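Asks: Those protein sequence lines, which keep their order, are chains U and B. Counting from 126, one number per residue, gives the positions in the first sequence under my numbering. Counting from 3, one number per residue, gives the positions in the second sequence under my numbering.
Don't take each hint at face value.
Within a straight-line C-alpha distance of at most 20 Å, the following computed EDC-like cross-link-like pairs (lysine to aspartate or glutamate) qualify [what the hints assert, rightly or not]:
(1) K290(B) x D280(B)
(2) K290(B) x D89(B)
(3) K290(B) x D384(U)
(4) K43(B) x E318(U)
(5) K43(B) x D384(U)
(6) K192(B) x D280(B)
(7) K329(U) x E318(U)
If you want a taste of the chain U side facing chain B, the calculated C-beta under 8 Å gives, among others [claimed, not checked]:
(8) L166
(9) Q178
(10) P179
(11) L182
(12) V190
(13) F191
(14) A234
(15) V259
(16) I330
Just so you know, the hints here were simulated from the structure itself, not pulled from any lab data. Only a predicted model underlies this, so the values are computations on that prediction, with no experimental measurement involved. We treat Cβ as the ideally placed atom computed from N, Cα and C, and that holds for glycine.
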Amino acid sequence: MNTLPEKRSPQSLTGMERLEKSLTTAPVHFVVIALALLWTLPTAGLLISSFRQPEALLESGWWTVFASPLNLGQFHLGNYVEVLSGQGMGQAFLNSLIITIPATVMPIAIATFAAYALAWMQFPGRQLLFVVIVGLLVVPLQMTLIPVLRAYNSLGLSGTFLAVWLAHTGYGLPLGIYLLRNYIGTLPRDLIEAAAVDGASHLKIFTRIVVPLSTPAIASFAVFQFLWVWNDLLVSLVYLGGNQNVAPVTLVLRNLVGDRGQDWHLLTAGAFISMIVPLLVFFALQRYFVRGLLAGSVKG
Amino acid sequence: MQDTSNAIRLLSAIAAIMVGSGGVIALFYGANMLVNRLPYKARSRMLPWVYMTPAIAVLTAFLILPTIRTIIISFMDRRSENFVGLDNYIFAFTNPDMLIAFRNNILWLGLVTGISVSLGLVIAVLVDRVKYEPFAKALIFLPMAISFVGASVIWRFVYAYQPPGVEQIGLLNAIAVSLGFEPIGWLVNKTVNNFALIAIMIWLQTGFAMVLLSSAVKGIPQDVVEAARIDGANEFQIFWRITIPMISSTIIVVSTTIIVLVLKVFDIVFVMTGGNLDTDVIASRMIKEMFNFRNFGRGSAIAVILLLAVIPVMVANIRRFQQQEANR
Numbered sequence: 126m127n128t129l130p131e132k133r134s135p136q137s138l139t140g141m142e143r144l145e146k147s148l149t150t151a152p153v154h155f156v157v158i159a160l161a162l163l164w165t166l167p168t169a170g171l172l173i174s175s176f177r178q179p180e181a182l183l184e185s186g187w188w189t190v191f192a193s194p195l196n197l198g199q200f201h202l203g204n205y206v207e208v209l210s211g212q213g214m215g216q217a218f219l220n221s222l223i224i225t226i227p228a229t230v231m232p233i234a235i236a237t238f239a240a241y242a243l244a245w246m247q248f249p250g251r252q253l254l255f256v257v258i259v260g261l262l263v264v265p266l267q268m269t270l271i272p273v274l275r276a277y278n279s280l281g282l283s284g285t286f287l288a289v290w291l292a293h294t295g296y297g298l299p300l301g302i303y304l305l306r307n308y309i310g311t312l313p314r315d316l317i318e319a320a321a322v323d324g325a326s327h328l329k330i331f332t333r334i335v336v337p338l339s340t341p342a343i344a345s346f347a348v349f350q351f352l353w354v355w356n357d358l359l360v361s362l363v364y365l366g367g368n369q370n371v372a373p374v375t376l377v378l379r380n381l382v383g384d385r386g387q388d389w390h391l392l393t394a395g396a397f398i399s400m401i402v403p404l405l406v407f408f409a410l411q412r413y414f415v416r417g418l419l420a421g422s423v424k425g
Numbered sequence: 003m004q005d006t007s008n009a010i011r012l013l014s015a016i017a018a019i020m021v022g023s024g025g026v027i028a029l030f031y032g033a034n035m036l037v038n039r040l041p042y043k044a045r046s047r048m049l050p051w052v053y054m055t056p057a058i059a060v061l062t063a064f065l066i067l068p069t070i071r072t073i074i075i076s077f078m079d080r081r082s083e084n085f086v087g088l089d090n091y092i093f094a095f096t097n098p099d100m101l102i103a104f105r106n107n108i109l110w111l112g113l114v115t116g117i118s119v120s121l122g123l124v125i126a127v128l129v130d131r132v133k134y135e136p137f138a139k140a141l142i143f144l145p146m147a148i149s150f151v152g153a154s155v156i157w158r159f160v161y162a163y164q165p166p167g168v169e170q171i172g173l174l175n176a177i178a179v180s181l182g183f184e185p186i187g188w189l190v191n192k193t194v195n196n197f198a199l200i201a202i203m204i205w206l207q208t209g210f211a212m213v214l215l216s217s218a219v220k221g222i223p224q225d226v227v228e229a230a231r232i233d234g235a236n237e238f239q240i241f242w243r244i245t246i247p248m249i250s251s252t253i254i255v256v257s258t259t260i261i262v263l264v265l266k267v268f269d270i271v272f273v274m275t276g277g278n279l280d281t282d283v284i285a286s287r288m289i290k291e292m293f294n295f296r297n298f299g300r301g302s303a304i305a306v307i308l309l310l311a312v313i314p315v316m317v318a319n320i321r322r323f324q325q326q327e328a329n330r
């Protein structure tokens with residue numbers, strides 16, 4: 126059953142061996158390709174459908190476009206125009222950016238400073254503080270919704286961007302501090318001590334040495350937090366309430382499902398608009414995302 | 003008119019982003035400048051707290067205090083005016099709708115964790131042997147980038163139902179009909195609707211399990227596998243006797259992460275069925291009690307139950323962390 130003689134180059138195989146090898150690896154190829162296809166089909170169907178005419182969408186399945194793939198007349202951009210302007214998806218897209226960018230930058234800044242202090246400064250209670258942060262990693266955010274909402278209501282903050290920025294900062298911080306502290310803690314001690322001996326202040330060490338060297342870890346957390354906030358529904362739903370002017374794409378898409386559940390031309394285009402940014406981030410920065418996942422797979 | 007209002011929106015968006023992002027950084031620089039005016043000794047004692055205080059303040063305000071507050075509210079009535087003892091917990095464990103939610107959560111936990119971890123493991127091992135590995139992995143991992151809401155729309159379309167005789171536009175019912183079955187209301191039929199929702203989560207999480215397990219599989223020393231092969235072990239024996247034992251700690255981490263995530267699953271149920279037709283889970287019940295019925299006592303009690311369920315994971319994380327620190 127020794128079927129994988131990887132060390133030898135294909136040329137050195139005899140015809141029989143080559144046949145045997147491809148026969149035994151065929152099931153592997155079959156399973157991998159079948160699963161990859163199965164995983165892609167639902168999204169592909171959505172993407173193709175979002176360009177089809179509204180009537181055609183309701184009359185036939187999206188796979189029927191493959192009967193005449195060259196007939197470009199069956200595709201159009203009208204669904205996107207309608208959902209962007211008519212259904213408020215354009216405003217929502219802008220809102221999502223307004224929510225997501227500060228809700229990513231704020232926890233990064235706060236977490237990096239805290240992680241540096243936890244890793245390289247001496248102060249009482251340091252170890253205990255970090256244990257508490259590790260504990261907070263898995264606290265369900267449902268535990269915080271009611272008191273925070275009440276506080277927001279009495280402060281008049283509900284329905285504002287500030288409310289979601291702060292909430293996302295709070296929910297993202299434990300993971301950020303945890304990831305960054307573990308990374309910053311592994312930077313070479315000599316480097317930081319040498320800088321301190323040369324008279325560099327903590328702020329200088331932090332901005333000139335620690336932050337540049339920690340970019341991979343910061344990038345991992347940034348990608349993670351960005352996707353988390355962009356894709357969030359619960360936090361926006363609770364703290365933004367019914368304020369449509371500030372609603373992000375996830376909230377508008379959800380309302381679209383509720384109000385126009387059978388208008389597939391709107392739902393497919395709307396869903397794709399909500400997915401385009403995460404997909405771009407994902408493809409461009411997949412490496413960092415995976416690294417963040419590997420390091421942070423303890424988050425709750 | 004339209005153009006100017008769009009321009010104003012865009013400008014205010016940029017302003018909001020700058021204020022939100024720049025504010026925090028300005029805060030640190032300001033505090034640092036203030037501390038630098040102190041004498042050296044006081045400065046080195048104060049500086050760690052300048053770096054830590056924003057984090058401590060945010061964590062306290064958004065996680066620690068609300069958690070304590072929620073525990074207190076869970077022993078009070080709907081408007082948090084009177085203590086009601088354990089009433090909310092008795093409700094949570096006896097109400098028929100809550101019991102259905104518990105049943106569903108157990109189904110979710112077992113099926114999502116079991117299937118996505120085992121499928122992720124199988125893919126991780128198989129994909130290691132094909133040349134197009136990165137491409138196949140990216141396709142299966144891709145759903146990780148999609149929101150629960152987006153995934154819900156994708157799958158609503160897969161499950162779409164048309165009455166018999168009309169052409170089906172949902173992939174699944176089109177297959178069912180072409181095989182000679184009646185179309186099925188996947189989200190309406192009470193025997194299948196929970197499984198239809200669970201399938202979405204499996205679709206989302208298998209890629210996560212695969213990526214983590216795949217990097218663990220690649221970490222297995224090649225000479226161990228070679229030695230087993232030379233001793234005559236076949237691929238299945240290698241999988242069961244070498245691969246699985248050697249990556250068992252990763253399997254546990256992946257499983258607990260998925261368990262914690264599934265415990266809190268909310269968006270999929272909320273968007274797909276609104277929890278109707280016996281599809282509620284604990285987290286969606288909590289939002290219902292909170293928003294629809296305005297009963298903050300019961301909502302809080304349900305949240306506390308979620309917290310209790312993740313406490314074993316929390317303890318395990320802290321233990322693992324302390325071991326790591328001891329080894330440093």
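Asks: Indicate, hint by hint, whether the structure satisfies it.
Replies: Taking the hints in turn, this is what the structure says about them:
no.: 1; hint: K290(B) x D280(B); in the structure: 14 Å, holds
no.: 2; hint: K290(B) x D89(B); in the structure: 18 Å, holds
no.: 3; hint: K290(B) x D384(U); in the structure: 19 Å, holds
no.: 4; hint: K43(B) x E318(U); in the structure: 19 Å, holds
no.: 5; hint: K43(B) x D384(U); in the structure: 64 Å, violated
no.: 6; hint: K192(B) x D280(B); in the structure: 7 Å, holds
no.: 7; hint: K329(U) x E318(U); in the structure: 13 Å, holds
no.: 8; hint: L166; in the structure: 7 Å, holds
no.: 9; hint: Q178; in the structure: 13 Å, violated
no.: 10; hint: P179; in the structure: 12 Å, violated
no.: 11; hint: L182; in the structure: 7 Å, holds
no.: 12; hint: V190; in the structure: 12 Å, violated
no.: 13; hint: F191; in the structure: 13 Å, violated
no.: 14; hint: A234; in the structure: 4 Å, holds
no.: 15; hint: V259; in the structure: 5 Å, holds
no.: 16; hint: I330; in the structure: 11 Å, violated
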